[in-house]
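Once you've looked at the hints, dock chain B against the given chain A.
In order, the protein sequence lines correspond to chains A and B.
First residue of the first sequence? That's 0 in numbering that gives the first Met the number 0, and the numbers climb one at a time after it.
First residue of the second sequence? That's 0 in numbering that gives the first Met the number 0, and the numbers climb one at a time after it.
Some hints could be false.
Claimed, not checked - Selected chain A positions facing chain B (Cβ under 10 Å, derived; list incomplete):
no.: 1; residue: 176
no.: 2; residue: 180
no.: 3; residue: 190
no.: 4; residue: 193
no.: 5; residue: 195
no.: 6; residue: 200
no.: 7; residue: 202
What the hints assert, rightly or not - So the derived label-pair ranges between C-beta atoms look like this:
no.: 8; chain 1: B; residue 1: 49; chain 2: A; residue 2: 34; range: 26 to 34 Å
no.: 9; chain 1: A; residue 1: 164; chain 2: B; residue 2: 253; range: 42 to 50 Å
no.: 10; chain 1: B; residue 1: 144; chain 2: A; residue 2: 165; range: 23 to 31 Å
no.: 11; chain 1: B; residue 1: 9; chain 2: A; residue 2: 61; range: 51 to 59 Å
no.: 12; chain 1: B; residue 1: 306; chain 2: A; residue 2: 250; range: 41 to 49 Å
Since the hints were derived computationally from the structure, they do not count as laboratory data.
Cβ atoms here follow ideal geometry from the backbone N, Cα and C, with glycine treated the same way.
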Amino acid sequence: MFADESGKLRRALVTLPHSDRGSRAVFYPSQHHWGVVGTPELTKVRRAAILTLREFSTHPAPAKGGQIEITSDIPRGIGMGSSTSDVTATIRAVADYHGVPLSREEVGRLAVLAECASDSIMIDDRVVLFAHRDGVVLETLGHRLPPMIVVGCDTEPGARVDTLGLQPADYDDREIGAFGVLRAALRRAVATDDVDLVGRVATASSRINQRFLPKEQLEELLALCLGYHGCGVQVAHSGTVAGLIFDARRPDATPGALRCAETIEGMGLVITAMIGLPAGTVATTTVSATEKVPA
Amino acid sequence: MGIRTSFSEATEAYQLPRIVQLGPNLYAAAFMLMKMVPARYILRRAADEGRLEPGTVIVETTSGTFGLALAMQGVHLDRRVILVSDPAIDERLHRRMADLGTVVERVSPEAAKIAGGYQAARLNRVREIMAEQVSAFCPEQYSNPDNPRSYAAVSELLLETLGQVDCVVGPVGSGGSMCGTVGYLRAVLPECRAIGVDTHGSVVFGQPEGDRELRGLGMGLMPANVDHTTFDDVHWCTAPAAYAATRQLHQRHALFMGPTSGAAYLVARWWARQNPSALTVVLLPDEGHRYLDLLYHDAWLAERGYLGLAHPVEPTPIDDPTRLGDGWLSYEWGRRRYDEVVGVAA
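Excised from the complex, chain A in its bound form (with noise of 0.2 Å):
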């Protein structure tokens, strides 16, 4: 809970952006049939798209329905915001058929009114926090974050959270104090590219976050962290992910890294993701994170 300009408290959060991977929308228009169909598990999507043809009803040409096809690499339901990707693919995709481009704001309007509550990747020209229930920016934290490398990983393989199903969390009068703290400590962790304070502020976040839908292992992953000279621990606040967080600029952060990967995988965790270690340190597969529409 953050304070916006006029002091009303607004739920809102900073995302980790995942260029490696990504979601791509295929817009089949139509001129003849009204509605979007998709695949059945794809609600959010339908509506995204029916919500952005509703934008474009006054272009001279706009289509009237049409089919959505989805392709990701992002695993669903644990947190690494594969809803608000698809989401996000798809709004693009139906105004990028009408050649008109929308704005990352308006893009985030939309797809906080198809899905609820979304992440802030739309908006990856800088980092904000976003209000993620109401499709507001409620400040520009800086251009971009410091170079991290963050070992992700499933705190609970085969656990599936969903984000609509939560209870919003009922944050107390300390926990939202202390979240106006972090906000100013990362609005200088992201003007002086210091990881070590985004660590720290993650820690913190995480760990306002255990009286809510806790990770079990949050300290022991930290401990781990920081004996890795790591900077600290990140989590879905609506997921089972977690990420340990190292500074790219340190030459022990990659080995370091690596190393606690392995340690993961011992305590029976699943690893997500690798973000930000060098090209050719390991073999992976990467996916494009683009959004394209057909000719």
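Below, chain B alone, put in the same frame as chain A:
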């Protein structure tokens, strides 16, 4: 991102400290009027929650700067403020409060001839006044959890300005500023050290109650807002040493502060020198105007035999905080509860 904008009201401009570097690893958080932080927060929150109706009178027992802060915020909120004080209230402060439209009642020496003395007599009078009003609100700075909570704003400023804070040194009265500021800093910096500065004759850290010369520091009754587990170390300072340090703060750094600031500076300066790699912040609660004719006046110091005194350059460590001592003392509190240290509940 932010262009500079105006403050919406004077009390907003008053509340946050200026962060000033005093040495390689020592920074001051210099407040004009630190008590504005809780006073403004508590009253604005009460107003937001509908507890300050147009006719509601704000009543509090105080003879110090918390009263001044309430009086100032009362102007913005257009609410009457009644403060209950003892006869020792500073005349300059009283005049300022009166000019702000605040009523200051002083309990008589006769009324204070009860168990608990002036403090009890003042609380009784507050209850009487509240009962007489149709609607009254008492901020209760010593027990209201909004007091420490209000200092989150100070922690935000410190973290944004400095990033790392290894140690905070500050005077302890109600407990709000130290417990609040350090408590919130520790959300991000759990190892941040807290050094509380108290004075002889104050019960806060276990001393027997006694006469206290140093105004604004130390308490005769234990405030509920002191969370003893905040503190790593406690120091007790004497009045003349605090006065001398207050003057040095002015002479060396041009910071014109009151004697509680001097006491905190004395301890912080020593600690920062002992720990050159630790970034240390000292809380300086208010300005020196009220003390111009007192500690800032050499003749006044000379009358008391304080002028030119040689003061210790370091504290004497003690192992029992409940024993009466003299001079500058320090004790390793170790973030324990009061009863863990003193052996009985506060």
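Original post:
Is the gap between the beta carbons of residue 306 (chain B) and residue 250 (chain A) within 41 to 49 Å?
Top reply: violated, 59 Å
**OP:** Could you tell me whether the CB distance from residue 49 (chain B) to residue 34 (chain A) stays inside 26 to 34 Å?
**Re:** violated, 48 Å
Original post:
Can residue 193 (chain A) be said to touch chain B, with a Cβ gap under 10 Å?
Top reply: Holds - the Cβ of residue 193 (chain A) comes within 10 Å of chain B, reaching about 6 Å at its closest.
Original post:
CB of residue 144 (chain B) to CB of residue 165 (chain A), is that within 23 to 31 Å?
Top reply: Holds: the Cβ-Cβ distance is about 28 Å, inside 23 to 31 Å.
Original post:
Are residue 180 (chain A) and chain B close enough, Cβ to Cβ, to be under 10 Å, as the hint says?
Top reply: Given a least distance of 5 Å, the restraint on residue 180 (chain A) holds.
Subject >> Restraint check, 10 Å cut-off on beta carbons, for residue 202 (chain A) near chain B >> reply: With a closest approach of 8 Å, the residue 202 (chain A) hint holds.
Original post:
Holds or violated: 51 to 59 Å for the Cβ distance of residue 9 (chain B) and residue 61 (chain A)?
Top reply: This hint holds: roughly 55 Å between Cβ atoms.
Original post:
Holds or violated: is the Cβ of residue 195 (chain A) closer than 10 Å to a Cβ in chain B?
Top reply: This interface hint holds because 8 Å falls under the 10 Å limit.
**OP:** Report holds or violated for the interface hint on residue 190 (chain A), using the least CB-CB distance to chain B and a cut-off of 10 Å.
**Re:** Cβ of residue 190 (chain A) sits 9 Å from chain B, so the hint holds.
Original post:
When the nearest CB of chain B is found for residue 200 (chain A), is that gap smaller than 10 Å?
Top reply: With Cβ-Cβ at 6 Å, under 10 Å, it holds.
Subject >> Status of the hint placing residue 176 (chain A) at chain B (closest C-beta pair under 10 Å) >> reply: Holds - the Cβ of residue 176 (chain A) comes within 10 Å of chain B, reaching about 4 Å at its closest.
**OP:** Given the range 42 to 50 Å, decide if the beta-carbon distance of residue 164 (chain A) to residue 253 (chain B) lies inside it.
**Re:** Violated, since residue 164 (chain A) and residue 253 (chain B) (Cβ atoms, about 60 Å apart) do not stay within the stated range.
Of the numbered hints stated above, those contradicted by the structure are hints 8, 9 and 12, listed in ascending order.
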